[in-house]
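Novice: One line per chain: the protein sequences are L and S, in this order. Counting from 1, one number per residue, gives the positions in the first sequence under our numbering. Counting from 1, one number per residue, gives the positions in the second sequence under our numbering.
Everything labelled a hint here was simulated from the structure, so no lab data went into it. Note that the structure is predicted; figures quoted are calculated from it, not measured. Don't take every hint at face value.
Said to hold, decoys possible - In silico SDA-like cross-links for lysine to any residue, where the CA-CA straight-line distance does not exceed 25 Å:
{"hint": "1", "chain 1": "S", "residue 1": "Lys154", "chain 2": "L", "residue 2": "Leu66"}
{"hint": "2", "chain 1": "S", "residue 1": "Lys154", "chain 2": "L", "residue 2": "Ala34"}
{"hint": "3", "chain 1": "S", "residue 1": "Lys33", "chain 2": "S", "residue 2": "Arg14"}
{"hint": "4", "chain 1": "S", "residue 1": "Lys45", "chain 2": "L", "residue 2": "Val38"}
{"hint": "5", "chain 1": "L", "residue 1": "Lys35", "chain 2": "S", "residue 2": "Val59"}
{"hint": "6", "chain 1": "S", "residue 1": "Lys154", "chain 2": "L", "residue 2": "Gly46"}
{"hint": "7", "chain 1": "S", "residue 1": "Lys45", "chain 2": "L", "residue 2": "Gln119"}
{"hint": "8", "chain 1": "L", "residue 1": "Lys35", "chain 2": "S", "residue 2": "Ser123"}
{"hint": "9", "chain 1": "S", "residue 1": "Lys33", "chain 2": "L", "residue 2": "Pro87"}
{"hint": "10", "chain 1": "S", "residue 1": "Lys45", "chain 2": "L", "residue 2": "Gly70"}
{"hint": "11", "chain 1": "L", "residue 1": "Lys125", "chain 2": "S", "residue 2": "Ser106"}
{"hint": "12", "chain 1": "S", "residue 1": "Lys154", "chain 2": "L", "residue 2": "Asp124"}
{"hint": "13", "chain 1": "L", "residue 1": "Lys69", "chain 2": "S", "residue 2": "Val22"}
{"hint": "14", "chain 1": "S", "residue 1": "Lys33", "chain 2": "L", "residue 2": "Gly70"}
{"hint": "15", "chain 1": "S", "residue 1": "Lys45", "chain 2": "L", "residue 2": "Gly62"}
{"hint": "16", "chain 1": "L", "residue 1": "Lys35", "chain 2": "S", "residue 2": "Leu99"}
{"hint": "17", "chain 1": "S", "residue 1": "Lys33", "chain 2": "L", "residue 2": "Val38"}
{"hint": "18", "chain 1": "S", "residue 1": "Lys45", "chain 2": "L", "residue 2": "Arg65"}
{"hint": "19", "chain 1": "L", "residue 1": "Lys125", "chain 2": "S", "residue 2": "Lys45"}
{"hint": "20", "chain 1": "L", "residue 1": "Lys125", "chain 2": "S", "residue 2": "Phe48"}
{"hint": "21", "chain 1": "S", "residue 1": "Lys45", "chain 2": "L", "residue 2": "Gly104"}
{"hint": "22", "chain 1": "S", "residue 1": "Lys154", "chain 2": "L", "residue 2": "Leu40"}
Unchecked claim - Which chain S residues stay away from chain L? Per the calculated CB distances, all over 10 Å, these:
{"hint": "23", "residue": "Val84"}
{"hint": "24", "residue": "Thr113"}
{"hint": "25", "residue": "Phe180"}
Beta carbons are placed, not taken as given, at the ideal position from N, Cα and C, and that holds for glycine.
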Amino acid sequence: MLNYIWFGMMFAGVVVGIFTGNIDAVTEAAIDMAKVAVNLAIGLIGIMALWLGIMKIAEESGLIRLIAKGLRPITIRLFPDVPEDHPAIGSIVLNMSANILGLGNAATPLGLKAMEELQEINPDKDTATNAMCTFLAINTSSVQLILPATVVALMGATSSQIFITTIFATGMSTIAAITAVKFLEKRKQFIMHSGGSS
Amino acid sequence: MIESFVQSVNQVSRYIIPLLLVGIPFYGLIFKKVKVYEAFVVGAKDGFTIAIRIIPYLVAILVAIGMFRASGTLDLLLNFLSPVLTFIGFPPENLPLALMRPLSGSGSLGLLTDLINQHGPDSLIAKIGATMFGSTETTFYVLAVYFGSVGIRKTRHALVAGLFADAVGVFSAVYICRFFFG
Numbered sequence: 001m002l003n004y005i006w007f008g009m010m011f012a013g014v015v016v017g018i019f020t021g022n023i024d025a026v027t028e029a030a031i032d033m034a035k036v037a038v039n040l041a042i043g044l045i046g047i048m049a050l051w052l053g054i055m056k057i058a059e060e061s062g063l064i065r066l067i068a069k070g071l072r073p074i075t076i077r078l079f080p081d082v083p084e085d086h087p088a089i090g091s092i093v094l095n096m097s098a099n100i101l102g103l104g105n106a107a108t109p110l111g112l113k114a115m116e117e118l119q120e121i122n123p124d125k126d127t128a129t130n131a132m133c134t135f136l137a138i139n140t141s142s143v144q145l146i147l148p149a150t151v152v153a154l155m156g157a158t159s160s161q162i163f164i165t166t167i168f169a170t171g172m173s174t175i176a177a178i179t180a181v182k183f184l185e186k187r188k189q190f191i192m193h194s195g196g197s198s
Numbered sequence: 001m002i003e004s005f006v007q008s009v010n011q012v013s014r015y016i017i018p019l020l021l022v023g024i025p026f027y028g029l030i031f032k033k034v035k036v037y038e039a040f041v042v043g044a045k046d047g048f049t050i051a052i053r054i055i056p057y058l059v060a061i062l063v064a065i066g067m068f069r070a071s072g073t074l075d076l077l078l079n080f081l082s083p084v085l086t087f088i089g090f091p092p093e094n095l096p097l098a099l100m101r102p103l104s105g106s107g108s109l110g111l112l113t114d115l116i117n118q119h120g121p122d123s124l125i126a127k128i129g130a131t132m133f134g135s136t137e138t139t140f141y142v143l144a145v146y147f148g149s150v151g152i153r154k155t156r157h158a159l160v161a162g163l164f165a166d167a168v169g170v171f172s173a174v175y176i177c178r179f180f181f182g
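So that you can see chain L by itself, here it is in the shape it has in the complex (with noise of 0.2 Å):
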């Protein structure tokens, strides 16, 4: 799927932009977007570490495991596959919590921290499990409670009313989220091949 979509965006531009004569600015985004790529991953660097080295701390004081005990009932719903307090709980845990509470710095780590944790437990480490693929789809879907601040600022006063149509809108999107993701786990065309389990 993603190889498709990934070809066909680059097909799409190059074609396009031969005929709408746009070749050279798409010529220069290829080249800016892979610098641009680069200076993303180097200015996670900092705040990684940060959080990476807070997350240590609350895993060898046992915060974690506590946390992923006490939401216990919700998430073995959600990722039946992961064994019980398996510290992979803890970290999705911590991200969905971060992400509902708009801080996106901290979610990042987090989130990055749950999927090591969940490559552990994978037979296959090429492939996504379907833990992985349901802790992303709500992660694409935003589980956010709190406006981004750059909405708060562009819409001024008119910000509390969209508040509301947001939570409406967001929920939405996260139940369809999990919707599709536990729907489509089971189709031949998704199904995972090794692990013996399937």
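Please build the complex by placing chain S on the supplied structure of chain L, with the hints as guidance.
Specialist: Below, chain S alone, put in the same frame as chain L:
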């Protein structure tokens, strides 16, 4: 009432990060006798490796998105789709934002800013746009970074599910705003 609630929620969120930064080491050091400084350094070391590991995935995704955006394909799609959209009650003005949102955070923020400046924050179009922005995510970026950080290349159904969620978020934003403000 809603306004004061939003205000207080935003006030509280100012304190969350500093409280976490000091609360977690406090709990570890005082209650569990964790060597907090040493634990921090061990954990922080991973920040570098993870950031470096996602570079190839980010380059792949962002280059493709950049080429797609620069070519003007979105404008073409817009011309093609706007009669259908008007028919189902979807303001065509909001379409570029809806299509851009999964691709690029800065690109979609630029489009939202433009919508609000052009139509004013009180307009239905601005409200729909802001709701869309808050209820969807930059799906391609998130997938590239998260899967990239652990070296996953076969992403199975994650992208389809993510894009489906974005679509539901976009349409919900349109119809909820029309219902409340239309």
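Novice: All hints, please: hold or fail.
Specialist: Hints versus structure:
no.	hint	result
1	S:Lys154 to L:Leu66	violated, 33 Å
2	S:Lys154 to L:Ala34	holds, 22 Å
3	S:Lys33 to S:Arg14	violated, 29 Å
4	S:Lys45 to L:Val38	holds, 19 Å
5	L:Lys35 to S:Val59	holds, 8 Å
6	S:Lys154 to L:Gly46	violated, 29 Å
7	S:Lys45 to L:Gln119	holds, 19 Å
8	L:Lys35 to S:Ser123	violated, 38 Å
9	S:Lys33 to L:Pro87	holds, 20 Å
10	S:Lys45 to L:Gly70	violated, 29 Å
11	L:Lys125 to S:Ser106	violated, 32 Å
12	S:Lys154 to L:Asp124	holds, 10 Å
13	L:Lys69 to S:Val22	holds, 23 Å
14	S:Lys33 to L:Gly70	holds, 23 Å
15	S:Lys45 to L:Gly62	holds, 20 Å
16	L:Lys35 to S:Leu99	holds, 24 Å
17	S:Lys33 to L:Val38	violated, 39 Å
18	S:Lys45 to L:Arg65	holds, 22 Å
19	L:Lys125 to S:Lys45	holds, 22 Å
20	L:Lys125 to S:Phe48	holds, 21 Å
21	S:Lys45 to L:Gly104	holds, 21 Å
22	S:Lys154 to L:Leu40	holds, 23 Å
23	Val84	holds, 20 Å
24	Thr113	violated, 6 Å
25	Phe180	violated, 6 Å
Hints 1, 3, 6, 8, 10, 11, 17, 24 and 25 from the earlier list are contradicted by this structure; the remaining hints agree with it.
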